[in-house]
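Asker: Residues per chain are reported as follows:
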Amino acid sequence: MSKRKHNLVGYLFALPWFIGFSVFLAYPLAASIYFSFCDYSVLKKPVFIGLDNYRELFADEVFWITVKNTAIYAAISLPAGMVMALGLAMLLNAKVPGTTFFRTVFFLPSLVPMVSLAVLWLWILNGEHGILNEVLRMVGIQGPNWLGDPAWSKPALVVLGVWGVGNAVLIYLAGLQDVPTSLVEAAELDGASPWQKTRHVTIPMISPVILFNLIMGIIGTLQVFTVPYVMFPGGSPARSTYFYAMYLFDNAFLYNKMGYASAMGWIMFLAIFALTMLSLKLTEKHVHYGGGGTA
Amino acid sequence: MKRRNLLAVLSIEAVLVAMSVLFLFPLLWLVSTALKPIEETMRIPPVWIPSKLMWSNFADAMTYGADKLGYIPFLVYARNTLILCVLVVAGTVASNTLVAYSFARLKWKGRDAMFAATLATMMVPFPVLMVPTFALFRQLEWIGTFRPLWVPAWFGSAFSIFLLRQFFRTIPFELSEAAKIDGASEWRVFRDVVLPLCKPAIAVVALFSFMGTWNDFLGPLIYLLDQKTFTLALGLQFYQSQHGGTQWNLLMAASTIVVAPVIVLFFFTQRLFIQGIALTGLK
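Keeping their order, the protein sequence lines are chains A and B. All letters in the first sequence, in the order written, are residues 970 to 1264 by the working numbering. All letters in the second sequence, in the order written, are residues 4 to 286 by the working numbering.
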């Protein structure tokens, strides 16, 4: 077969993606840059206004509230989720009886569709009849007003997030199972304690998986939308759960400020990009790829 | 030494059991509430197990508001969701197997650059694309129809391409060569040699796209206007915002209806599922 024919066959097989990539990715990406410099509601044509959207955003009080809320939420929920997921994965990897059962149990909540998840926790955290506070009362603790107190609405969302870490648990577990037993045994022979084994053998060996989960976590957390949207209409109470993606959505579809929303989208993209690069950079010295020594 | 090991095993077991209780409890509470008579949902101390199993709650949840104007039976949402799931899964499998085959097993100019670009797009957050995509579908007069929610699935997605490509590459190239020497066209090699060997990976991609569609909330929220076209996720949110805070047993019953199929599907495909998720973590 000639080289040209090779090329042609390759292009034909990849054709759906050439179309999909251009129409549903490249075009919207380029268009959203342009829209972010425009005064644009879907009803009329975009009018170029330069950097005005960005200027307006940086002076927009609500924008900063949502940035702050998202940052605080990410700063609590990311570490909480990672510690929980890694901890559970390590317990599962200890290979005690019943591991398959426990693995299923930890994974099940992450299957629950977001809206069901939100509705279920509205009930569990309910101020009057919520079961969580009932249980807390049984052990003598006066539970907070999870849904109505601005100080507790974000922790409520963190609890939900930690409940849904099953996906990450499975990814960690797969990573842990790839750690060569010979390494762990060698450390044991050298008299390493369980903590030392974890700290100096297991964690370094699965560091690429940790990094992967961290980056996925950042991307997911900064876009948090569905659960707070359903649980806390309008970011209530006192806008304490008004997150970045919710304000972006409201600008686009509630206030019809599509250019403004596009500018917010690009700031989010840049933030995700910067944080990803930062995580890669900061962990560079601590992430070990395989045994070959090449990254 | 031996005794200490037993102690370690027992303490790990104890922690696992305790965590399992915490992880299972919300789901059990969901089902328990869904099966309760209304007065038992609000009792203090709480009623753990309903005195009488109210299976009728499910029927009531599905026909809630039947006496009101503009009533939409919950089953309509289920039907809409299933239609979308079928269209999306079919499109995802059809398009991504082709594209991944091209990236994994065919040589063409620009392939590696295109693949790198494909991987890079996985980082692009949906909100960036949201406005222009909406504008595009509006131009096509697709807003309010199912089309924005399933047509793109027929044109590939970066994640599925990546997953399938990794798997396609593990099939020995000698198999393709042998078939070609026997006179098979590229299409025949794809359909009769490689695809049959890649069933597990295809099943994983199908499963994930089904789950993604079943769970999707933002997409339907943006593109669907008429309540008659709502999906389960959107319908449940609508239900909650309309009647929430009153009939918790019915709301939990409705929620169970949305959760149950996913859990059942998981139990039937557990092994596949777990392999698939492990795969996503290994770059």
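No lab work stands behind these hints, which were simulated from the structure alone. We put the CB at the ideal spot given by N, CA and C, even for glycine. Please note that the accuracy of each hint is not assured.
Derived lysine-lysine pairs resembling PhoX-like cross-links, with alpha carbons at most 25 Å apart [unchecked claim]: (1) A/Lys972 <-> B/Lys112; (2) A/Lys1037 <-> A/Lys972; (3) A/Lys972 <-> B/Lys202; (4) B/Lys202 <-> B/Lys183; (5) B/Lys183 <-> A/Lys974; (6) A/Lys1226 <-> A/Lys1014; (7) A/Lys1250 <-> A/Lys1013; (8) B/Lys183 <-> B/Lys110; (9) B/Lys71 <-> A/Lys974; (10) B/Lys183 <-> A/Lys972; (11) A/Lys1037 <-> A/Lys1226; (12) A/Lys974 <-> B/Lys110.
Restraint-style ranges between C-beta atoms, simulated for each label pair [claimed, not checked]: (13) B/Leu268 <-> A/Val1127: 25 to 35 Å; (14) B/Arg274 <-> A/Pro1173: 26 to 36 Å; (15) A/Val1153 <-> B/Leu143: 22 to 32 Å; (16) A/His1169 <-> B/Leu78: 31 to 41 Å; (17) B/Val24 <-> A/His975: 57 to 67 Å; (18) A/Leu1223 <-> B/Ala120: 28 to 38 Å.
Asker: Does each hint fit the structure? Answer for all of them.
Answerer: A quick look at each hint next to the structure:
The hinted pair formed by A/Lys972 and B/Lys112 meets the criterion: a straight-line CA distance of about 9 Å does not exceed 25 Å. The hinted pair formed by A/Lys1037 and A/Lys972 fails the criterion: a straight-line CA distance of about 55 Å is larger than 25 Å. As the CA atoms of A/Lys972 and B/Lys202 are separated by approximately 30 Å, the hinted pair breaks the 25 Å bound. At most 25 Å may separate the alpha-carbon atoms for a hinted pair to count; B/Lys202 and B/Lys183 meet this at roughly 21 Å.
About 15 Å separates the Cα atoms of B/Lys183 and A/Lys974, which keeps this hinted pair within 25 Å; it holds. For the hint linking A/Lys1226 to A/Lys1014, the alpha-carbon distance of about 12 Å falls within 25 Å, and the restraint holds. For the hint linking A/Lys1250 to A/Lys1013, the alpha-carbon distance of about 44 Å lies beyond 25 Å, and the restraint is violated. The straight-line distance between the Cα atoms of B/Lys183 and B/Lys110 is roughly 15 Å, inside the 25 Å bound, and the hint therefore holds.
With a C-alpha separation of about 64 Å, the suggested pair B/Lys71 and A/Lys974 falls outside the 25 Å cut-off, and the hint is violated. Using a Cα cut-off of 25 Å, the hinted pair B/Lys183 and A/Lys972 holds, with the two alpha carbons roughly 16 Å apart. Restraint check: the Cα-Cα separation between A/Lys1037 and A/Lys1226 comes to about 22 Å, which is no more than 25 Å; the hinted pair holds. Restraint check for A/Lys974 and B/Lys110: the C-alpha separation of about 10 Å stays at or below 25 Å, so the hint holds.
Judged by the Cβ atoms, the range 25 to 35 Å given for B/Leu268 and A/Val1127 holds: they are separated by roughly 28 Å. Distance hint for B/Arg274 and A/Pro1173: a CB-CB separation of about 30 Å, consistent with the stated range 26 to 36 Å. A hinted range of 22 to 32 Å is violated for the C-beta pair A/Val1153 and B/Leu143, which are about 57 Å apart. Against the hinted window of 31 to 41 Å, the Cβ-Cβ separation of A/His1169 and B/Leu78 comes to about 57 Å, which falls outside the hint.
Distance hint for B/Val24 and A/His975: a CB-CB separation of about 59 Å, consistent with the stated range 57 to 67 Å. In this structure the supplied range 28 to 38 Å holds for A/Leu1223 paired with B/Ala120, their Cβ-Cβ distance being about 34 Å.
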